[in-house]
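Engineer: Line by line, the protein sequences give chains H and Y. Residue numbering for the first sequence follows the working numbering, starting at 30 and increasing by one per position. Residue numbering for the second sequence follows the working numbering, starting at 47 and increasing by one per position.
Calculated from the structure, these hints are not laboratory results. Check the hints yourself; a few may be wrong.
Here's a subset of chain H near chain Y, in silico, CB distances under 8 Å, partners left out [unchecked claim]:
1) T39
2) L46
3) L50
4) R55
5) R56
6) S58
7) I60
8) T62
9) A124
10) P125
11) L165
12) Q223
It should be emphasised that the depicted structure is a prediction, and the values quoted were computed from it without experimental measurement. All C-beta atoms in this analysis are idealised placements derived from N, C-alpha and C, irrespective of residue type, glycine included.
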Amino acid sequence: MKTAKKNAWTNAWLTVLKRDLLLALRRRSDIATTLFFFVIVSSLFPLGIGPEAAVLSSIAPGVLWVAALLAGMISLSRLFSADFTDGTLEQILLAPQPLALLVTAKILAHWLVCGLPVVLLAPLIGLQYALPNEALLVLVYSLLLGTPALSLIGAIGAALTLGVRGSGLLVALLVLPLYIPALIFGAGAVAASQHGMSAEAHLSLLAACSLLSLVLAPLATAAALRISVE
Amino acid sequence: MLMAQGLACLRGDHLLFKNVGFELKAGGLLYVLGENGSGKSSLLRMLCGLLMPGAGAVFWGNKKIKEDAENYLPNLTYIGHLNGLKDDLTALENLQISARLAGNDVSSQESLAALTAIGIARCADLPVRVLSQGQKRRVALAMLWLTQSQLWILDEPFTALDVASTEVLASRLGAHMANGGMTIITTHQDVSISARATQTLRLSV
Chain H
30 MKTAKKNAWT
40 NAWLTVLKRD
50 LLLALRRRSD
60 IATTLFFFVI
70 VSSLFPLGIG
80 PEAAVLSSIA
90 PGVLWVAALL
100 AGMISLSRLF
110 SADFTDGTLE
120 QILLAPQPLA
130 LLVTAKILAH
140 WLVCGLPVVL
150 LAPLIGLQYA
160 LPNEALLVLV
170 YSLLLGTPAL
180 SLIGAIGAAL
190 TLGVRGSGLL
200 VALLVLPLYI
210 PALIFGAGAV
220 AASQHGMSAE
230 AHLSLLAACS
240 LLSLVLAPLA
250 TAAALRISVE
Chain Y
47 MLMAQGLACL
57 RGDHLLFKNV
67 GFELKAGGLL
77 YVLGENGSGK
87 SSLLRMLCGL
97 LMPGAGAVFW
107 GNKKIKEDAE
117 NYLPNLTYIG
127 HLNGLKDDLT
137 ALENLQISAR
147 LAGNDVSSQE
157 SLAALTAIGI
167 ARCADLPVRV
177 LSQGQKRRVA
187 LAMLWLTQSQ
197 LWILDEPFTA
207 LDVASTEVLA
217 SRLGAHMANG
227 GMTIITTHQD
237 VSISARATQT
247 LRLSV
């Protein structure tokens, strides 16, 4: 009985994950928008500030992290709203499996589609900022550890603003303040490595942010979805 | 057995209905009637647990559905007035995903058979986006040929269906009730469905 239940949970979880990835594949333009947003925003700064390597590399950690954060945020409003309008969200709510579990599958799909590409693209963008190799590596690590937290926390905001008019802007107001810890530790890690210090402490704290949100965010998102659907 | 006691629905400051109660036993069919905006859909969503009742409670067996969702939800199939289909997926993919989410691991043959039963098999590989309103409805209703749950809650299932599919659906509902299933339905159409016991519930304040 126990294993049957576990199997049913895994099946439902995989169904949601596969469904969201398949949908992303069918609507590639949505992924492209997020990525191009990240590339363009982070490329505007070197163009506006000028080619001075010292200035660019000192602002790089903050600018790249803010760009990654905004890119992740603009895709948030799509996380649940499409499912809400076509009624598939009701099916997910009525599935016999725990909602928080299914929500993690949706968030993972969102991260794979919107977070991971940003992580992979970041070192290329970092080159524009004259970042040394070591700092580029730390940048990738920090984004890899930090972007899951962005998707997880963002999901709460997306769920709370479901069906609300002007939800895109509201999500930003709700979620951006919650992103501050991740931003501080993420940008701090890159800056530390630029100054020849160890980034380990920052990265550990960043991982802690992600783990903490992995525990709390799905539960909060599930509760918010139930309220929004009423 | 599904039982509702003293249900009331408040939307904003507006009381849609109060003191709604009924008892539905195996093989029973319940028609929910009322004018537009009388709260039929709200009542159905309440019975599913999607909407919290303003007063009263819904019981499955002798436990409240809120407290016993783990046992209630596997026994429930709800098709709301939204079809719950993804425009970018094909009819077959949509049906399989819905079935799997409901905990029903169906093969593509079984899904195709369900689509055939409601006469929409030739659209199986088309994205739902290109289907007509009635065809979309049929894809959503094909779920009723796959599910094993005992209680079906259907919100206007006959809307947009043609005469032939209406008959197919009515006979499927009849077969479900003959097997000891239960159905709660809202409809504006005059369709005859056979059941061991038929009740009607008229909503008004």
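Engineer: Each hint should be assessed against the structure and marked as holding or not.
Structural biologist: Going through the hints against the structure:
| no. | hint | in the structure |
| --- | --- | --- |
| 1 | T39 | violated (11 Å) |
| 2 | L46 | violated (11 Å) |
| 3 | L50 | violated (12 Å) |
| 4 | R55 | holds (4 Å) |
| 5 | R56 | holds (6 Å) |
| 6 | S58 | violated (11 Å) |
| 7 | I60 | violated (13 Å) |
| 8 | T62 | violated (16 Å) |
| 9 | A124 | holds (5 Å) |
| 10 | P125 | holds (4 Å) |
| 11 | L165 | violated (36 Å) |
| 12 | Q223 | violated (44 Å) |
Comparing the model with each earlier hint shows violations of hints 1, 2, 3, 6, 7, 8, 11, 12; every other hint is respected.
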